[in-house]
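Novice: Knowing the structure of chain F, use the given hints to seat chain Z on it.
Note that the protein sequences, when read in sequence, are chains F and Z.
At position 110 of the first sequence (counting the first as 1) the number is 110 in my numbering, and the numbers step up by one without a gap.
At position 1052 of the second sequence (counting the first as 1) the number is 1052 in my numbering, and the numbers step up by one without a gap.
Treat the hints as calculated values from the structure; they're not laboratory data.
Treat each hint with caution, since some may be false.
As the list claims (entries may be wrong) - Simulated restraints, written as ranges between beta carbons of each label pair:
| id | chain 1 | residue 1 | chain 2 | residue 2 | range |
| --- | --- | --- | --- | --- | --- |
| 1 | F | A560 | Z | D590 | 20 to 30 Å |
| 2 | F | T402 | Z | P588 | 18 to 28 Å |
| 3 | F | A560 | Z | T1005 | 26 to 36 Å |
| 4 | Z | F536 | F | Q28 | 24 to 34 Å |
What the hints assert, rightly or not - With a Cα cut of at most 30 Å, we get these calculated BS3-like pairs of lysine-lysine:
| id | chain 1 | residue 1 | chain 2 | residue 2 |
| --- | --- | --- | --- | --- |
| 5 | F | K594 | Z | K832 |
| 6 | F | K556 | Z | K385 |
| 7 | F | K166 | Z | K832 |
| 8 | Z | K677 | Z | K864 |
| 9 | F | K540 | Z | K937 |
| 10 | F | K594 | Z | K930 |
| 11 | Z | K832 | F | K42 |
| 12 | F | K556 | Z | K364 |
| 13 | F | K594 | Z | K937 |
| 14 | F | K139 | Z | K832 |
| 15 | F | K253 | Z | K937 |
To be verified - Reference excerpt, derived from the structure (chain F facing chain Z, CB under 7 Å, subset only):
| id | residue |
| --- | --- |
| 16 | Q28 |
| 17 | F49 |
| 18 | N52 |
| 19 | K317 |
Virtual Cβ for every residue (Gly too), placed ideally from N, Cα, C.
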Amino acid sequence: MKYNILNTVVFIFCGLVLLSSCKKYLDQVPNDRITMEEVFQKESLSEQFLANVYSYILDEGDPIHNDPFIGCADEVDFTWSGNDNYRVNVGNMSRASIPFDFWGSYYNGIRSATYFMQHIDENDEIRRLHGQGLIDQYKAEARFLRAFFYFCLMRQYGPVILLGDKVLPPDASADAFQLARSPFDSCVDYVSKELDTVAQQLPLVPHKDGSESDGDYGRATKGMALAVKARLLLYAASPLYNGNTDGILAGFKTASGLPLISNKKDPSKWEKAANAAKDVIDLGIYKLYKDPSGNVMKSLQGVFSQAWNSEQIFVRKSYGLTTWDVHCEPRQAGGWSGVGPTQEMVDAYFMADGKLPGESSVYSAKGFTDVNGRQVLNMYRNREPRFYRDITYNNAMWKGGTMNDSAAITFYVDGPNGKNGHPSDWTKTGYLCRKNVASQTNVGSGGNGFQQSRPLALFRLAEIYLDYVEALNEYAPGNSDILKYLNMVRERAGVPQYGTGTNALPVPADQQEMRKKIWAERKVELAFEGHRFFDIRRWKIAPQVMGTLHGMDISKSGDAFYNIVPTLTPHLFLPAYYWWPISQYELDRDQVLKQNPGW
Amino acid sequence: MSRKCISVSIKKVAFIFFLLASVCVNRSYGQSLLKGMVVSNKGSALKGVSISAVALKDGKIFKTNTNVKGAFSFTEFTIGEKYTLYFNLQGYQTDSINNFLIGEGDNNSVLVRLKPIDRKNLVITGLVVDSAGNPLSGVSVQLDANKTGTLTDSLGQYQITIRPDSKSLLFSYVGYEQQEVAIGSQKVVNIGLVQKKSDMNDVVIVGYGTQKKITTVGAQTTVNTEELKLPVAHLSDVLAGHAAGVMGVQRSGEPGYDNADIYIRGISTFTNSSPLVLVDGVQRDLNNIDPEDIASFSILKDASATAVYGVRGANGVIIITTKKGKVGRTAINAQYDEGITQFTKLPQFADGPTYMQISNEAHKNSNPLDNGLIYSEGRIDSTAKGLDPDLYPNVNWFDVILHRAGQNRRARANVSGGSDKAQYYLSLGYYDELGMFRTDKLAEYNSSIRFTRYNFTSNLSVRITKTTKIDFGAQGWISNGNYPGVSTPSVFHNAYVMPPITIPVKYSNGYFSQPRTGDMSNPYNSLTQSGYTNEFNSQLMSNLRVTQELDFITKGLSFTGMFSFDNANKHQIARHKSVDAYLAIRAPRDDEGNLQYEQTAIGTEFLDYNRNNGGSRQFYLESAINYDRTFGKHQVTGMILYNQQDNVDAFAGDFYSSIPYRFMGLAGRVTYAYDNKYLAEANFGYNGSEAFAPAHRFGFFPSYGIGWVASQEKFFNSVKDIISFLKFRFTYGEVGNSSIGGQRFAYISNVAQNINGYSYGANGIDNNISGLNFGYYGVDVTWERSKKFNLGIDIKTLQNSVSLTVDLFRELRRGIFLQRGDVPTWVGILNKPYGNIGAMNNQGIDATLEVNKKLSKDWNLVFKGNITYNHSVDIDDAQAPWPYPWQQRIGRRWGQRFGYIALGLFKSDEEVANSPYQPGDTRAGDIKYKDLNGDGKIDATDQAPIGYGSFPEIIYGFGPTINWKNWSLAAWFKGIDHVDIGLGGDAFQPFIYGLERGNLFSNITDRWTPDNPDTHPFYPRITEGNTNMNYQPSTWWTKSGAFLRMQTIQLNYDIHDKKWMNRIGLSHLNIYFIGYNLATISGFKLWDVELGDGNGAAYPLLKTYNLGVKMMF
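Chain F on its own, in the form it takes in the complex:
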């Protein structure tokens, strides 16, 4: 019996001891975990935070999956009806269901950038190892990124909510989240001022600890800031944002009645845009890429294939580009035959004589010529070099992908790339895109072939030249810089120039004629680079150029193939399509947030 009592007492005692130490029993999380305070005390951790901010720069290398900026303009038709570009083109999009909705993602980047700017000063380790200079530079990089993200939002959504240096606390009340959008012009002012500021702080070329640093290429530079500003101001000066009086904008106003999109024309916006572009040019460190051999075709290809070349201003390493390669390659070469330039795009390329097809005597839409045994439609002959760089047409030669030997590619219905041979992998226009296609990329067998990954230039000098001449032509027609810089682009492209060089063309007669030529140049030079989507909007020509697009008759063989027919996919442009919709989710949470017109 005594033993039992003892037993019991021991048991109860054990229980009590454990109970009394309960605080310790449940207190288990050690306090040496990584915290946000620590992130801003260590160099490498802060750099990781900044790398995350950079990661919000969209990889536009794979527009088939990542963005609508190529597939939803009038340049191409992506074959695959299962992708989101197709949804947008047939109009299956509403505020309930938005493909390519980057609103939240860019604001994540904006918040992270601001947080970084506010805390990087705490990092004594960087200060000790590299001096205050690197802290200031990192801060400027974050600030640049923030401005760039605003620009990306604005090009897609129009006016945005400007947060400034606010970082709203996560536990703020719902009232704190009731912010409205600022008028587009205010947004432009804010972002361009920010870019001005960071341009003063960012280095011309990436460097670290006083010397140029290869390892830091890709970080923000002064040129990037000025280039973003140039494109922003160009957009802001364009008809969509400058004196837009479209009816659909009637109710698109701030709470105080201010129009969110300016309805008064302000010619000085063009001047600002031109000056901004000129600022980039005047940095003097960029020049159009030309191959040392002087070979025009090599120059044109090198613009994209030669990484970090002198023409490229804002470069992002892209992992999507190899997907682009494979989608552009013909089925015969293991590709997906998925990116079909439209007849409208084919018709946009200049002729070898520098004139547009409609103006040139060497253009013929009909008839064939035998080229080394290939029957080539005359339409594809005597075109400028950029045409041959960019377009795989019927009976064009191709080498690359899984094809080791050069051969003619055909798109006849029964041919090796034709519609009958595969349920899905055929171009809907009878063309394939070959611009910025690394032909070495090889889908291989089951996708494990060689992938030629490379950086993607989001901004390059040729665009800045075209931004400049377009803006200049609008406020100072006749300015000699217009011809100068337009001709520089043409000269590199191997196209006769206006008023100068061999086979010079007449200088465009007036401002309007010049505008036409500048727009035409822009459409070709910047084709398939995600500009056209925005250009047709800001020029307000989208309703005219979108809709039914055309291509060859891919359900035919032989000569019947060459009939120009509407493509299968409509490319709708609805009045609402100038801007992307804001999701209903967002509108429900921010009651003063205005939906874009038409959605």
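Specialist: This is chain Z only, laid out in the frame that chain F set:
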């Protein structure tokens, strides 16, 4: 045991002359007279000795008594028959004469001497039978209601040694009235036990203990464990519908992964609604327990029952106890059964020619300008004729990957028994299930889908002193699952998305086939050529409990302490490979009949090797003091308990999950009952979890209950013939839920590392920096709190043959841990913060009906039924308010399905143009939706509640059991209601990802076409790609998910009491057939209705035909 051990004191030889002199002979009709005399050992005649004679031939019993001279006689004994005679007289030892042969003449005479009782070490024997005369085995026989005693054996016989001061024997048996017999002189005490009229002394399991059923006020359900012994691997599959208050559906039939999610009284929180499961008092997994080893299965539903579990109790508690040994001879059970399994329902797909015709139609519908066809008539024709399967394949992929039948089998054996001092229960179980995936006979490895499990249980109870008892239990199981290299969901997905016409199973030249696209894989290759995965899981569970009676301190006091250690291991070896695969280029065969091939996949010829381990260990410690005493009409019990648990993930993937999961707490209970009539109790749990901020770690959860047994009242006697029992119960209490999901240690902010980073560097330098950002914002988090109300009524009528229990419940769950949903995305917060902000109400009813009717001597009918209905209402889902009332989630049921309201199909393009704008390419034949807010366009604001949701609100089960002699036939039906299925997804929506992908269901023929503008076909206009709103969630795609299933039908034949059986020591032989899931009534035809939402691409549920035999020794 036999009667041999009773000392027989007849000395026939010594008295032979006396007998000869006194016998009188009766010779008429073969009958003879037995005469005799009974005297004391001193020779004096004994009067009033009762004599029973049992005829051995027919068991007929004759009785008589001795007269004053001690003489007696039987007149009707048959010559040549044997009789056994028993002599009984108070104060004297019982005597008997065995096998007395009645002869002719006067030989039939006996003289019996009875010894007075010497009570020292007297042994009493006897037979216990039920009211029908059948022997009862396992009846407890106790001396003076003391704990020491014995049990009857399988023939109903017992033997007990009494002490000199013993006064009575107490016979008790579950379900029967206790009977106490005074010990007199009898050496044989035969007893007939009467079945209980009321469950007055029934004991039920409550939190951390047991309680008399009549005095409980909480809502408990006890499941008859016999009903759980079905041919399934996981208990959870059969619980729903078998017990009032348990809701659950089974979403997969994959061997080893077919367990159902079960919830008690439905889902009442946005977080985790899973109940706490305790096996032998320790938190353990419900699955993988062998039902054979379960002694009791109880479900605690209301707050009074679960408050003691504090932060773990809000979702209800399931308490399982495993079998323990019983005092008595060794009993052995053995069982084996084997079954054939089939799928309950397989989806049916369209064949190749149909697929191509529909593709052409879809292309034409989407591209009216295109005059070309996707598939030429010639090709369709060739496919239909099966001309060249390499070029014109026509494959039913489900036929390729699935056998039509599988197999399962079970074997069990257990042994139990013991003495007063120690009892044991040992058991072994085996479960084996072969699934229905096909394998490649040529493969050198085994990729079949198979699940095998071995269970063992050993429970030992030892009484080390008169007042100290030790219980030791060790249980465990090991399971081995074999699967193809590619996961089962992927195999089904592949079979769903691969059209019948894209590739043949294999090319005739032996090439494996694979299309060009990387997002579709040949299902045959992924099933049979991908290697295999082998999963070995095991769990070891042990518990040691010491119970000490503390009557020396005060009567009724006891202490119990328990320590348990569990260990679980998971070991997975995956050996994968892939094959070279090709696609025939669609060009005619060359002169030699060969095709050109394009290689579309490069295989890895050799099996690779991947190992994956998992596991956990758990310590649990509990100590409690119990008090249980009756003072006259007052019954008082009390309990106070301390416990703690520590669970460690042995293969934690990150720092936070490597920290032990712990909780600790106190629990207490006080109950009071007056005359089994007025009942009251109070419970509390006070416990804490490491998951919460230090200031919010501990919570106090009280509950209170009252009850009234109205039928005990005097005034009730007048109606007792109609209503024999009536009890009302009401409880209220608060319980917590600490398994709230989300981030562990949600009170601490953390940093998310290795997220998206950026790559810098030119000239060959790749300066990749991984990303880092805010991971999780720490908040002042605590457990959810639930207020629970329960009103119960128990009623019995028609001589107790009908009993009904009905419980009404209401629960208010507050402080549900939810992510803040009112923050716009433009705020830029990566992971929106959490908080204890959600609220949900849940209310409903559960009821159990039981009818037990003996129809005649041979016929017995039992009918059981139960139903559970619950309705959970979203009170606060932490989202921003919705602009329109019909969009509002608050106030609607949890899981309410939302979608558009379909008005039918557009009849013409003019109607499209004149109707509210629907985004996309909308034409005649597309679904027309209702513009609820009248703004002229269909968008998110037009989504309204449609149907119910994917989880049922009503679950019911019922079934009769009919017994006829040794036969019994039982059926069980299970049904769910207030549930629907939302159709959608890849391979359900025709051609959502283009024409080359996705199978079509065979009902594709039921569709709108321009030629057949049916007003309500199954499918609207077929299009290519995701072109319009046709497949948005809407009433069009919401189908009823209600069903009634015949879950089991069971036929039993029981053989016992046969001579040949006795010879081999067999007491019962039971042969049975079980049919499981054999029939389902449902309006839903595409796939097994229980799989629920989506496209049905899951391993379907199984039906089983099972035959077995069970033996008891």
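Novice: Any of the earlier hints contradicted here, and which numbers?
Specialist: none
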